[in-house]
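Construct the complete structure from the given sequences, taking the supplied hints into account.
Listed in order, the protein sequences are those of chains A and B.
Here this note's numbering = 1-based position in the first sequence + 23.
Here this note's numbering = 1-based position in the second sequence + 23.
No wet-lab data here; the hints were simulated from the structure.
Heads up, a few of these hints could be off.
Pairs involving identical chains hold if they fit within one copy or between any two copies, as the list cannot separate such chains.
Unchecked claim - In silico SDA-like links for lysine to any residue, alpha-carbon gap of 25 Å or less:
#1 Lys152 x Pro205
#2 Lys182 x Pro109
#3 Lys182 x Arg143
#4 Lys178 x Ala166
#5 Lys182 x Tyr86
#6 Lys178 x Gly99
Number of protein chains: 2
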Amino acid sequence: MTAPVIEFWFDFSSSYAYFAALEIEALAERLGRRVLWRPFMLGTAFEQTGAKGLSRTPLKKDYANHDWRRIARLRGVTFAPPTFHPTIALPATRAFYAIERTAPQRAPAFAKAVFETYYRGELDSGDPKAVQAFAESLGFDGAMVAAGMADPEIKALAKARSEEAVGRGVFGSPWFFADGEPFWGWDRMRMLEDWLRRGGW
Amino acid sequence: MTAPVIEFWFDFSSSYAYFAALEIEALAERLGRRVLWRPFMLGTAFEQTGAKGLSRTPLKKDYANHDWRRIARLRGVTFAPPTFHPTIALPATRAFYAIERTAPQRAPAFAKAVFETYYRGELDSGDPKAVQAFAESLGFDGAMVAAGMADPEIKALAKARSEEAVGRGVFGSPWFFADGEPFWGWDRMRMLEDWLRRGGW
Numbered sequence: 024m025t026a027p028v029i030e031f032w033f034d035f036s037s038s039y040a041y042f043a044a045l046e047i048e049a050l051a052e053r054l055g056r057r058v059l060w061r062p063f064m065l066g067t068a069f070e071q072t073g074a075k076g077l078s079r080t081p082l083k084k085d086y087a088n089h090d091w092r093r094i095a096r097l098r099g100v101t102f103a104p105p106t107f108h109p110t111i112a113l114p115a116t117r118a119f120y121a122i123e124r125t126a127p128q129r130a131p132a133f134a135k136a137v138f139e140t141y142y143r144g145e146l147d148s149g150d151p152k153a154v155q156a157f158a159e160s161l162g163f164d165g166a167m168v169a170a171g172m173a174d175p176e177i178k179a180l181a182k183a184r185s186e187e188a189v190g191r192g193v194f195g196s197p198w199f200f201a202d203g204e205p206f207w208g209w210d211r212m213r214m215l216e217d218w219l220r221r222g223g224w
Numbered sequence: 024m025t026a027p028v029i030e031f032w033f034d035f036s037s038s039y040a041y042f043a044a045l046e047i048e049a050l051a052e053r054l055g056r057r058v059l060w061r062p063f064m065l066g067t068a069f070e071q072t073g074a075k076g077l078s079r080t081p082l083k084k085d086y087a088n089h090d091w092r093r094i095a096r097l098r099g100v101t102f103a104p105p106t107f108h109p110t111i112a113l114p115a116t117r118a119f120y121a122i123e124r125t126a127p128q129r130a131p132a133f134a135k136a137v138f139e140t141y142y143r144g145e146l147d148s149g150d151p152k153a154v155q156a157f158a159e160s161l162g163f164d165g166a167m168v169a170a171g172m173a174d175p176e177i178k179a180l181a182k183a184r185s186e187e188a189v190g191r192g193v194f195g196s197p198w199f200f201a202d203g204e205p206f207w208g209w210d211r212m213r214m215l216e217d218w219l220r221r222g223g224w
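What follows is the structure, given as structure tokens:
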């Protein structure tokens with residue numbers, strides 16, 4: 024028997040998704056659910072909404088920088104993005120799907136480790152060589168990961184996931200679906216939990 | 024002795040601000056604070072961020088429409104915006120500041136009533152005649168409100184408030200400041216309350 028899922032859609036360069044990645048498994052466990060980790064490229068959604076990344080939007084970038092640090096203090100977690108933040112995390116996204124294809128049960132831990140290491144400023148999730156070396160450091164087969172990132176099938180899958188997200192109305196990161204219900208943002212995780220406990224309202 | 028304030032910045036056409044308007048006074052009361060109601064024109068901020076209104080943004084508008092109805096059900100409140108939603112609520116904004124000038128203690132109740140009546144679909148807060156008639160129905164001096172909306176001093180004040188907001192980093196509605204700390208969004212009201220109870224973190 025398989026537990027019902029909470030879909031967790033995210034871009035590896037999204038700081039709010041980082042905070043969500045640290046909390047989503049515990050939330051799902053409280054509800055007897057499993058998490059379906061779904062990295063995608065938020066830029067695909069930005070093409071629809073006309074948005075830019077938070078770090079490139081006047082006013083928003085100042086608030087976001089303040090807010091991220093405030094959340095990190097609240098949760099007692101590290102927040103030290105690399106100087107090149109935000110990177111284009113397509114290599115890490117492809118590596119995730121390559122790992123999911125061969126070792127699906129290990130893919131979520133890989134994703135969480137990518138977030139944690141990026142936000143210690145110690146990984147460029149947009150650099151294929153760095154992602155390969157990082158995967159090796161976690162015990163994955165580096166050749167498999169490198170080949171996966173270059174595999175047309177994985178490239179197409181990463182693209183398809185991004186298009187699937189947009190097709191289902193996703194325009195931000197993190198994003199959650201549970202029983203078809205959409206929730207956008209780290210600050211809606213409590214509402215997501217309430218929704219599932221009550222079976223909606 | 025005057026209680027410390029929570030500044031509540033909002034655009035009268037913002038649905039999330041409507042939900043906030045229904046809750047902010049109770050929140051402030053729990054904290055022994057008073058609310059400083061500060062309507063402004065969100066369009067002034069959009070000029071900086073490049074954003075459009077939610078109702079005019081692909082993907083976001085569908086989620087927002089769903090989310091507003093979900094919040095209304097959760098809170099047990101009416102959500103029936105007029106067919107012309109979102110209106111440009113400059114007349115209501117000017118009326119607020121005209122009322123605040125002559126009867127400051129009654130201005131918050133006026134603002135709350137504007138929200139409630141607009142979201143029953145019964146007021147065009149962008150129509151000066153409708154705003155005047157509505158103010159009269161609440162017992163305000165209609166001639167004072169009409170003259171206020173047309174008064175260059177009030178027009179300048181409404182514009183200055185919008186510029187003040189942007190100058191202080193406000194790019195969304197609702198927005199709160201408490202002891203200098205900024206909070207954006209209805210879904211951050213709980214964080215605002217936690218922040219004030221704990222004196223920050």
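Now the hints, each set against the structure:
1. Lys152 x Pro205: Close neither inside one copy (35 Å) nor across copies (40 Å); limit 25 Å.
2. Lys182 x Pro109: Result: close within a single copy only, 19 Å intra versus 35 Å inter.
3. Lys182 x Arg143: The answer is neither: 27 Å in one copy and 43 Å across copies each exceed 25 Å.
4. Lys178 x Ala166: within (16 Å within a copy, 67 Å between copies)
5. Lys182 x Tyr86: Between copies, since 23 Å is at most 25 Å while 31 Å is not.
6. Lys178 x Gly99: This pair counts as neither: shortest intra-copy Cα distance 36 Å, inter-copy 46 Å.
Figure legend: structure checked against the earlier numbered hints; hints not met, in rising order: 1, 3 and 6.
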